[in-house]
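Those protein sequences? They're chains A and Z, same order as listed.
Numbering-wise (this note's numbering), the first sequence opens with residue 1 and increments by one.
Numbering-wise (this note's numbering), the second sequence opens with residue 1001 and increments by one.
It is possible that part of the hints are untrue.
[What the hints assert, rightly or not] EDC-like cross-link-like pairs, simulated, lysine to aspartate or glutamate; straight-line CA separation at most 16 Å: (1) LYS71/A <-> ASP1068/Z; (2) LYS71/A <-> GLU1092/Z; (3) LYS94/A <-> GLU17/A; (4) LYS1090/Z <-> ASP1068/Z; (5) LYS36/A <-> GLU60/A; (6) LYS36/A <-> ASP59/A.
[Claimed, not checked] What follows is a set of in silico ranges between Cβ atoms, one per label pair, in the way DEER data are often shown: (7) ALA1077/Z <-> GLY106/A: 28 to 38 Å; (8) ALA233/A <-> ALA1064/Z: 36 to 46 Å; (9) GLU273/A <-> VAL1119/Z: 38 to 48 Å; (10) THR144/A <-> LYS1090/Z: 39 to 49 Å.
[Stated by the list, open to error] Quick look at which bits of chain A chain Z covers, simulated, 3 or more residues with Cβ under 8 Å: (11) 72-78; (12) 97-111; (13) 239-247.
Simulated from the structure, these hints should not be mistaken for laboratory data.
Glycine is no exception: its CB is placed at the ideal position from the N, C-alpha and C atoms.
Each chain is listed here by its residues.
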Amino acid sequence: MALAGCTLNPPRFPAEETAGLPPQVELTQVPFFPQKQYQCGPAALATVLRNSGAEGAPDELANEVYLPGRKGSLQVELVAAARMRDRMAYEIAKDLPSLLREVAAGSPVLVMQNLGVQPIPIWHYAVVVGYDLDAGTLVLRSGTTERRVMGMRRFMSTWNRAQRWGVVVLEPGQLPAGPQLDRYVAAAAGLEAVGRLEAAGQAYARAREQWPESAWPQLGLANVSYRRGDREAAEAGYLATLALDPRNVVAHNNLAEILSDRGCVAQARVHVEQAAALAKGTALEAAVAATAQHVAGATTADTAVSCQP
Amino acid sequence: MTGLLRTILVQILAIALLNVGSPLVVQAEVIGTLAGLESAQRDTDLARVNRVLATAEARDQLQAYGVDQAQVEARLAGLTDSELSTLADKLESAPAGGDVLAVIGVVFVVLLILEAVGVIDIFKKFP
Chain A
1 MALAGCTLNP PRFPAEETAG LPPQVELTQV PFFPQKQYQC GPAALATVLR
51 NSGAEGAPDE LANEVYLPGR KGSLQVELVA AARMRDRMAY EIAKDLPSLL
101 REVAAGSPVL VMQNLGVQPI PIWHYAVVVG YDLDAGTLVL RSGTTERRVM
151 GMRRFMSTWN RAQRWGVVVL EPGQLPAGPQ LDRYVAAAAG LEAVGRLEAA
201 GQAYARAREQ WPESAWPQLG LANVSYRRGD REAAEAGYLA TLALDPRNVV
251 AHNNLAEILS DRGCVAQARV HVEQAAALAK GTALEAAVAA TAQHVAGATT
301 ADTAVSCQP
Chain Z
1001 MTGLLRTILV QILAIALLNV GSPLVVQAEV IGTLAGLESA QRDTDLARVN
1051 RVLATAEARD QLQAYGVDQA QVEARLAGLT DSELSTLADK LESAPAGGDV
1101 LAVIGVVFVV LLILEAVGVI DIFKKFP
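Isolated chain A, as found in the complex:
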């Protein structure tokens, strides 16, 4: 027992924080791509992408995420490269138990570390693939080392200096171990924003199952329908969104857009007025004003059109 005092990195977790976690996990099936010079970004990304069943060799990914002028890769570009393969880079909560929970659930976590100090930062990406609570260590795929064992305390200091950034790469419709509504929907909305509609739709559908009381997954599904050209489904979806959240600006605005396009101008006006009132002073004000103008210029269809929901 005397030796225990010499341990450099004793376990530092109160039992309640790690309760329910298996004491020791290692995802040995996670592939390893030794990095080339400066290219830990492509290598780490290839590791988590391959693990989620997506294609992407480090050389190919380097074309998508490596910035020669910075001799490195930016976080946003890693996220974007995952998106273009219909994968969702879900940012995990910024604490070690959350990270360990993902690993325990089978998801390797791509982390950013600062191996230097604040004035001389040395930014680095690695992938956490295992841990040992009793030994107080983590196992990482890092650089040219396939199995880098790192003390938790040491890892935490490097992770802290990188604002504890970590992502898991999810297949469409997959939930992380610690799902949080705002993070998950934002990641799905990222897929929608760049036109990966199939994957976005699957993620929103999963989110609606998980958080049936939230309006956001419903709104996302309606927007995906709209962008696919299914206006009928979109209209129903916006109405369902408003049933969950009568103050949702986007749903009011987009519903007004659809209604005015099909000649239901009076109904469109009602919704765009509500949207305008709710959007006052927000970033959406100008977009809603454009819709209002569009509605004002629309012509009412003949009476044969049914404008009742």
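Add chain Z to chain A, keeping to what the hints say.
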């Protein structure tokens, strides 16, 4: 000559008439989920990012930092509006994960000392 003039005049008027019904500036479109989320999550009333402008700036930045012309557009395509704006504004300062091989000279010595006393963790083979 008058016949030709008249034809041209008629064509101009016809085009002008066709344009009467169309809005001049407004290009209304549905609002994406992300824009709604970002607006709901931010306390301050930040203006929405102009995608066209942000794309142009981000394109310039990527090229300035050595990205191959052929790859620039594909890289931009995966970014959301606010990410484009991050790239345009913070490419110089945002953390870029690479590795330690670029470190030389005095900085190297300082880092070696910091490593020895356990503050940092770069040179994994250093005892």
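Does the Cβ pair THR144/A, LYS1090/Z satisfy 39 to 49 Å? violated (29 Å)
Within 38 to 48 Å: is that where the Cβ-Cβ distance between GLU273/A and VAL1119/Z falls? violated (60 Å)
Are the Cα positions of LYS36/A and ASP59/A separated by 16 Å at most? holds (9 Å)
With a Cβ-Cβ cutoff of 8 Å, does the region 72-78 of chain A contain at least three residues near chain Z? Holds: 6 residues of the region 72-78 of chain A have a Cβ under 8 Å from chain Z.
Tell me if the straight-line CA distance from LYS94/A to GLU17/A falls inside 16 Å. The hint holds at about 14 Å.
Tell me if the straight-line CA distance from LYS71/A to ASP1068/Z falls inside 16 Å. holds (14 Å)
Would you mind confirming whether the straight-line C-alpha gap from LYS1090/Z to ASP1068/Z stays at or under 16 Å? violated (20 Å)
Count the residues of the region 239-247 of chain A whose CB lies closer than 8 Å to any CB of chain Z, then report whether that count reaches three. violated (count 0)
Apply the coverage criterion to the region 97-111 of chain A and chain Z: a residue qualifies when its Cβ sits closer than 8 Å to a Cβ of the chain, and three qualifying residues are needed. With 0 residues close enough to chain Z, the hint is violated.
Take a quick look at whether LYS36/A and GLU60/A sit within 16 Å of each other, Cα to Cα. Within the cut-off at roughly 13 Å; holds.
Please test the hint of 36 to 46 Å on the beta carbon pair from ALA233/A and ALA1064/Z. holds (44 Å)
Holds or violated: the 28 to 38 Å window for the beta-carbon distance between ALA1077/Z and GLY106/A? holds (30 Å)
Checked against the numbered hints above, the structure breaks hints 4, 9, 10, 12, 13 and satisfies the rest.
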